[in-house]
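J.: Spelled out from the first residue to the last, the chains are:
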Amino acid sequence: MRYIEQEKVIRRMNGRMVINRIFQGFFMFATALALLALVILLYRIVSQGAGHLSLEFLTNFASRFPEKAGIKAALVGSIWLMAVVAPTSILLGVGSAIYLEEYAKKGRITSFIQMNISNLAGVPSVVFGLLGLTIFVRALALGNSILAAGFTMSLLILPVIIVSAQEAIRSVPRELRDASYGMGATKWQTIVRIILPAAIPGILTGSILALSRAIGETAPLIVVGIPVIIQFLPEGVMDTFTALPMQIYDWSSRPQAEFQTVAAAGIIVLMVVLLFMNSIAVYIRNKFDKSY
Amino acid sequence: MRNWKFAMASTILGTAFVLGACGSTEETATGSETADSSSDEAVVEGSVAGDGSSTVAPILEGIVEEYAAVQPEVQVTVGVSGTGGGFEKFIQGETAFSNASRPIKDEEAAALEEAGIEYSEFLLAYDGLSVVVNQENDWVEDLTVEDLKELWVEDGSNKMWSDINPEWPDEEVVFYAPGTASGTYDYFNEVILEEEDIVESATLSEDDNTLVQGIQGDPNAIGFFGYAYYIANQDTLKVVTIDGVEPNPETIESGDYSPLSRPLFTYANNAKIAEDEAAYDFMQFTLENAGQMAEAVGYVPLAVEDYEQGLSDLKALK
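Protein chains in written order, with my numbering: chain A, 155 to 446; chain B, 418 to 735.
Certain hints may be false.
Calculated pairs, DMTMM-like style, for lysine to aspartate or glutamate (alpha carbon to alpha carbon, straight line, at most 20 Å) [said to hold, decoys possible]:
| # | chain 1 | residue 1 | chain 2 | residue 2 |
| --- | --- | --- | --- | --- |
| 1 | A | Lys222 | B | Glu482 |
| 2 | A | Lys222 | B | Glu612 |
| 3 | B | Lys566 | B | Glu612 |
Just so you know, these hints were derived from the structure itself, not from any lab.
Same shape as in the complex, but just chain A:
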């Protein structure tokens, strides 16, 4: 007695294998397309802007002469901006995530809040710019300072940080918490000694990705009224400033072809800053990564 009809199996097998192949090809194509776009972008930017990169480009202020134009004000401004955005957004974001995951009772209100946070993550950045203009720049009279722009950017990336921190906290195994409570630890002790150390790689990955978004955003800064033409460096958080994406945007909209290369050089600087931030994230993740 034959339990398996060889021919029938082969016939059906062929069809399934073809579909298997087709999808394998499709997924590879999708990846290759994205990679190709990235490679073309990188090639164009680097080939256009590398010639303009020099130490002077980093130490000069912007200029009407393309050959003298530098990115000093924007680079320093972006670093100041990050110095405000990172602590504000990470403290508030991780704090909210801990509250929502560990303290808040699961119910209608919590799930309503949860839904709204997820929705906020999809709100266009211009809207956050308008919010920042109304609240920080005007109502709190912070003007177009680093603080006002930093708070605006923090609001923009807060939803992303909260959601990713929640995911990270949720992925800490139940047993660890139970063991901690079983040993008589309080909730606070459990959070600080068990949950946060275990969740830190995930939290940081999410936070750094969010911060990378903040450093590249232009629209909210324009709305908040951050200037582009500026010939001095900020000395405190209440000073005004300009940021990398603003400067790049300004250069790339200039009619002279030379400014396009200056813009490309600016993009390279921005990419290096991004890569640096991402490598910090990778380093921290590897350092703390323990599997449970």
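Given the coordinates of chain A, work out where chain B should sit on it, guided by the hints.
T.: Leaving out everything else, chain B in the frame of chain A:
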């Protein structure tokens, strides 16, 4: 243990570098300050904020750059929110001056009055476009704004010179235009194309030289670029009059060469000029240097008397 030592060492080294860098910048700053105070009678301190049109911004960029060398203690910032966006901040009293590529609108003036802000208008320069053809082109002398629109807007057909005027040759028109990222293209788009697509056959180039050479080489060519660039090449190109008006400093200043020329303004907050020494000083510097900067970035400067008029208006505010 080794990790800690490494971290400590790198922290110390890093701090030393940062402090070292700070120290050197401070030194150079004080150095240039003394140099300037000796060359300039009055050292002014303070901050001046402006915003507005991105068309005017290139003039201001040059002025701010030069001003930073003369008065390093005045912190000038200029944003590029656009003419309307600039006025929005000006009405809120957040800026001392607002750049505009058009005269102030009635509703903006009304909002300023409501906010109790008195302002003065200062003309900085003119932005002008010239439409040019090949020198061998002996048929086109004048085009109307409607002709320009008919020529330049893409409608799916091949554009012939005879489409505009039956007496003109039955030859296809060859188009040259500045690239879409340029302010010149934006301006043409605004006043002639009115947001419709430019002819597909047009050669677009960010390099004005390409346009000049293209037009020089083809009797059926037509193109446009900034007035200043036409002036630099007027011996080899033929300019077309628009609605009978030839572009020259007189017609551009008088506004007769419309709509292909427009005035560029800055609006100053009277109270801030009067109270703030830095704002007054910067505006004065702006009016003194606007002509030179305007020319450098391809705009048409005003007559010297007009800048002097602006300066005396400014003095009256103080």
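J.: Decide, hint by hint, whether the structure agrees.
T.: For each hint, the structure was consulted:
no., hint, result
1, Lys222/A to Glu482/B, "holds, 11 Å"
2, Lys222/A to Glu612/B, "violated, 35 Å"
3, Lys566/B to Glu612/B, "holds, 11 Å"
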